[in-house]
Amino acid sequence: MANEPVPKNPVLQDKATIKEAIVRHKKEVYTPVVPTQQLGFIHNNVDCIGCRACEIACKDKNGLAPGPRFRRVMYVEGGTYPAVYAYKVNMSCNHCAEPACLPTCPTGAIYKRKKDGIVDIDSSLCIGCRRCEAACPYGAPQFIPEQNIVSKCNMCVDEIDAGRKPYCVMACMMRVLDIGPIDKLREATYPTKAMAPHEKDKLVRQVKSMADPELTNPSIVFIAHSNGRVDAVDAPKEPPKEPK
Amino acid sequence: MNAGTDKWWVGVLALVIAVVGGFSVHFMSNSNSAPAAEPSTATTTTTKTTTAAPQPEAPATPTVAAAPPITSDYQSARYDPIHFKPAIDKATDADCLKCHQEVLDTNTRDASPAGLKKVSTLAWYQTLDTYDGEQMTFHQRHLTAPFIKKVANMSCTTCHQGNNPRDEVSGTAADSPTDLTMRKMVDPNTCLMCHGQFPYQNMGLPGPWHESGVGFQNNCLLCHAAIRTTRHKVNFLNAAGIEQEGVANSDSCYGCHGGRAWYRTSFPYPRHAWPGAGATVPEWAKDRPTESDLRFLIEGSKP
Amino acid sequence: MWGWNPAYTFHGGNTFYYMRMAKQNGCKFVLVDPQYTDSASAYDAWWIPIRPNTDAAMMAGMAHHIFTSNLQDQNFINKFVQGMDAGTMPDWAKDKENFKDYILGKYDNTPKSPEWAAEICGVSADDIKKLAQLYATTKPAALKASWAPGRNAYGEQYNRMAAALQSMTGNIGILGGCAEGIGKAWHAEGVAYPYDEFANVFYESIKSDRWAHCVLNYPNVKREEIGLWPGGKAGDGVIPNIRGIFWQGSDWFNQLTNINKEIQAINKLDLVVCNDSTITPSGLYADVLFPIATHFERHDVALPWYKGHYYIHRPKVIEPLGESKTDLQIYTELAYRLGGDQFGKRYNPKANRDYFLYNDAVDNAYLQEWWEHKVMAHQHVDMSWAEFQKYGIYKFKLDRPHVAFQDNVEKGVPWPTASGKIEIFSGQLAQYDDWTKTAYGYEIPAIPKWIEPFEYLGDKEKTAKHPFHLISPHPRHRTHSIFNNIGWLRETYEQEVTINASDAKKLGIKTGDTVEVFNDRGKVVVPAYVTERCMPGVLVIYEGAWLDLDENGIDRSGNPDMLTLDEPSPAGSFAYNTVLASIQKTDLAHKPGWDRLATARSHVFRRDL
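Residue numbers (the working numbering), protein chains in the order written: chain A, 1 to 244; chain B, 1 to 303; chain C, 1 to 609.
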């Protein structure tokens with residue numbers, strides 16, 4: 001059967017023996033998978049019209065009922081009439097270099113692919129404890145109440161393996177969303193329609209209101225709006241750190 | 001250590017393959033027999049029970065018993081002032097659970113859709129001695145599990161500070177709540193306080209605790225009996241309880257100080273100088289505050 | 001972009017993306033609109049907020065600046081335009097008003113100066129001059145005068161005023177210019193299914209949003225009130241006694257103006273038939289409901305809306321569910337039952353009576369004939385019908401950019417008007433003497449002019465009672481009212497009223513508050529969205545929400561047509577955006593017409609409501 005949880009010793013079956021084994025392996029640490037090549041997203045916050053076709057294509061691909069949204073386009077606006085501005089931030093799972101969701105999972109359902117760094121949840125192994133949902137700084141894992149499991153964006157692994165791009169990217173009428181090797185996207189050396197050549201200096205790994213990328217090193221870059229940069233002049237102060 | 005971890009992952013991979021294999025057999029056998037009971041049936045039933053609207057028969061928890069009738073207007077419920085500052089700061093757990101009791105009542109599945117039983121699963125961090133009891137949901141683990149009751153006084157609003165109902169980001173409308181974290185119901189900095197890395201460099205240790213702990217008899221109090229700060233004196237922790245647990249087992253300390261690290265970084269705790277601490281502030285602590293965040297200070301201890 | 005929001009409305013295949021490429025190539029954008037739209041943000045446009053329904057005044061102010069600064073393209077005007085100035089008036093009309101002298105104030109001693117326009121439209125005179133200067137000196141420049149500002153009282157004046165600006169700057173017929181209205185350079189081969197000789201045996205028509213007015217007031221209706229047309233035929237001027245309505249995929253109770261008046265009228269009819277694939281709010285009023293096959297249940301071809309150069313094959317994916325039939329199946333069967341075999345056969349020549357049961361072969365025959373005898377024959381297409389079905393799409397490769405009216409400008413082809421010129425002075429309009437016997441009913445000046453609308457923010461008397469101007473643009477999450485019943489889209493977008501932040505503050509309204517928006521015609525209940533992106537004094541409710549009436553006749557879903565005026569503009573456009581209304585907080589619940597919790601992310605956290 002498929003229930004052997006501690007593979008070092010396949011005869012372990014009950015909780016007591018597991019506990020015992022645990023004492024021996026005490027204080028193990030989790031070491032992240034380092035992929036051969038990390039794929040990531042690029043999104044142009046300014047040129048995005050916010051049509052959310054990517055969201056709907058994603059829901060279609062993943063057969064999601066209303067409620068859970070793997071991908072979300074967030075509308076941000078500011079200024080005072082008539083000097084206003086608006087931009088969009090589009091995020092799903094950021095397939096982090098060191099995903100916070102992965103080490104939380106008690107069943108091993110979450111894994112990171114060695115070949116391209118895609119982080120996926122094997123739903124068939126999920127028991128719905130929702131720890132990953134709590135741990136993710138970017139709200140990627142989505143609870144599916146009907147099944148009492150958690151699910152999330154897997155960058156359409158099947159499409160990737162077939163040599164195509166994910167549904168969200170293919171659905172983007174403005175070509176502002178794309179995927180590529182994240183190191184090249186960060187260096188602006190990967191050819192993508194999401195960014196015009198003169199927009200290189202607008203590339204950022206974090207935008208205003210987004211959780212600190214130092215937490216997990218998310219594989220996403222944005223072409224930021226001037227008011228969406230974390231160093232923007234009218235940016236609100238860093239949210240107060242809650243010290244203990 | 002790395003070797004051990006690697007093996008652990010190989011094991012999980014094998015586990016995944018085994019489960020997938022098992023699942024396809026199960027699936028194929030279903031295709032030529034009458035609808036067999038899916039492993040998820042039990043859970044589905046549970047969900048249904050909790051979905052049913054008013055539950056007069058349901059065992060009333062003390063918090064729900066006296067609840068006033070809940071409004072049936074979704075729009076006004078969603079925008080109820082209790083979801084925003086300042087009302088959210090005054091909200092008690094009872095207030096929240098009037099509507100959201102479900103987060104505590106919904107349990108994990110007994111088995112995953114492929115039949116992986118929850119009693120036979122354990123994550124690496126659950127190997128700490130302090131991890132006890134069955135797999136629970138993170139809401140249960142943070143609010144009602146025996147261990148959390150001993151060391152903390154967590155409430156809903158410790159983590160939840162409101163969200164933007166339009167789509168959970170600040171600045172979506174002229175009067176929307178500010179300083180919320182994009183796409184996230186809770187500021188991850190709150191999580192980081194107990195789920196960050198062990199900052200051994202700052203503490204002057206030769207390596208991370210799982211390596212260097214042996215040299216200190218795996219006992220935090222070896223040093224920290226003398227070097228004491230007042231960090232635990234915040235309203236969501238039970239300082240006395242932590243003290244007691246920490247004496248009994250250093251895993252209780254380690255759990256929150258690196259043993260369940262989800263994130264790459266550690267939380268920049270405020271610098272509380274202890275009696276006898278040197279006057280010079282080390283480089284890493286230079287810009288840190290000296291007091292905990294206001295909303296976590298215990299009544300009467302505010303500066 | 002004048003009242004144009006390509007981020008929300010589909011004008012030609014992929015226009016929004018081509019405009020992004022234009023931006024990358026250095027094109028600058030300006031938006032004249034009461035809202036700072038997502039198009040404005042995506043294209044980084046200079047936003048000029050304007051009072052709704054005052055566009056013609058601002059354009060007149062721009063024309064004034066162009067004329068007085070002598071920035072007009074006089075060569076283009078002299079060559080191609082009729083009535084732009086005294087010199088281009090036709091000989092027979094030398095005594096009539098020309099456009100330039102109207103703008104300069106020769107006839108009424110009121111120069112239509114930017115300062116004059118600023119008073120009306122709320123845009124500063126400086127901005128009007130700046131935009132006029134930019135538009136007249138940037139070559140080429142596209143003034144994309146979209147349709148929404150025309151869907152107003154005297155909206156045609158806005159469209160004609162835009163044409164005057166386009167032609168006085170010589171921006172018509174050239175690449176990079178724009179001649180809106182409907183300057184199509186590409187035409188699809190349209191009709192595939194039979195278009196029979198009996199398609200219309202009754203030639204009288206009325207303006208369709210006057211149907212309720214006609215039913216309720218019959219026979220005491222004047223022909224001009226309903227735009228009865230055309231005159232001069234047998235039975236000329238006979239007010240129709242409407243006894244029944246046959247809707248084919250038409251959702252009047254979500255789409256036409258002044259719904260309360262429609263509700264009164266429909267109760268007076270003898271027969272209402274509705275063909276639709278879903279039961280819409282209109283369907284609820286029908287006596288007979290025909291369940292219609294969806295696009296997935298019949299074989300067809302999609303033509304591009306509205307300027308794309310491609311065809312999409314639409315195969316029948318599944319058999320129609322339940323008792324559904326295609327529209328053509330129903331009409332063919334009706335033809336057989338009404339007129340016997342002879343009529344049925346002539347109505348649908350490729351079919352027999354059993355078409356009601358077996359339509360696949362006949363449908364394919366019609367489509368194949370269209371492809372082979374129209375598309376392949378007329379449009380130099382080599383791909384066979386079989387191949388087209390296999391590929392699913394045919395995209396034309398154009399050897400050069402197609403520009404509307406290019407041949408008129410470059411090759412001297414006469415314009416398709418009576419004079420062969422761009423008629424800023426309309427010879428046809430100038431020669432009417434009895435407006436009641438025209439399709440318009442009421443006078444339309446021969447040259448574009450600013451005419452004060454039925455109700456707007458400049459009307460001191462009416463704004464004392466209802467101080468806000470309500471506009472109801474297209475939503476991006478529905479095609480008018482279609483797809484409002486899609487769970488994913490309900491989850492993704494809200495029906496709400498947009499209000500400026502300073503207005504909201506005065507009224508104590510915050511985002512998420514449930515408010516009622518009302519005027520003398522009706523009342524709707526919606527959540528409020530408070531923003532700095534909307535002009536003060538303006539409310540926005542996107543059209544097409546499905547009506548959900550409570551016992552007091554209040555629409556809880558937020559359909560703005562509860563408040564619109566069923567008084568069309570003389571040229572016929574519905575005055576959807578000519579509405580004054582009030583707004584206030586309410587205790588009434590907003591009911592979008594479905595289980596909101598089931599479509600909200602919050603149901604993850606709370607499922608008991």
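Derived from the structure by calculation, the hints contain no laboratory data.
Glycine included, each C-beta is placed from N, C-alpha and C at the ideal position.
The reader is advised that the hints may include incorrect statements.
Derived SDA-like pairs: lysine to any residue, alpha-carbon spacing no greater than 20 Å straight-line [to be verified]: (1) C:LYS591 to B:ASP73; (2) A:LYS61 to C:PHE296; (3) A:LYS202 to C:GLN24; (4) C:LYS395 to C:HIS380; (5) C:LYS261 to C:GLU224; (6) B:LYS150 to B:ASP93.
Just some of the chain C residues that point at chain B, by a computed CB distance under 8 Å [said to hold, decoys possible]: (7) TRP385; (8) ALA386; (9) PRO416; (10) ASP503; (11) LEU507; (12) GLY508; (13) THR531; (14) GLN584; (15) LYS585; (16) HIS590.
Partner residues aside, some chain B positions facing chain A, computed with beta carbon under 8 Å [said to hold, decoys possible]: (17) LYS85; (18) THR137; (19) PHE138; (20) HIS210; (21) TRP262; (22) TYR263.
(request) Of all the hints given earlier, name the ones this structure violates by number, lowest first. (result) Checked against the structure, the hints that fail are numbers 7, 8, 9, 10, 11, 12, 14, 15 and 17, while the rest are satisfied.
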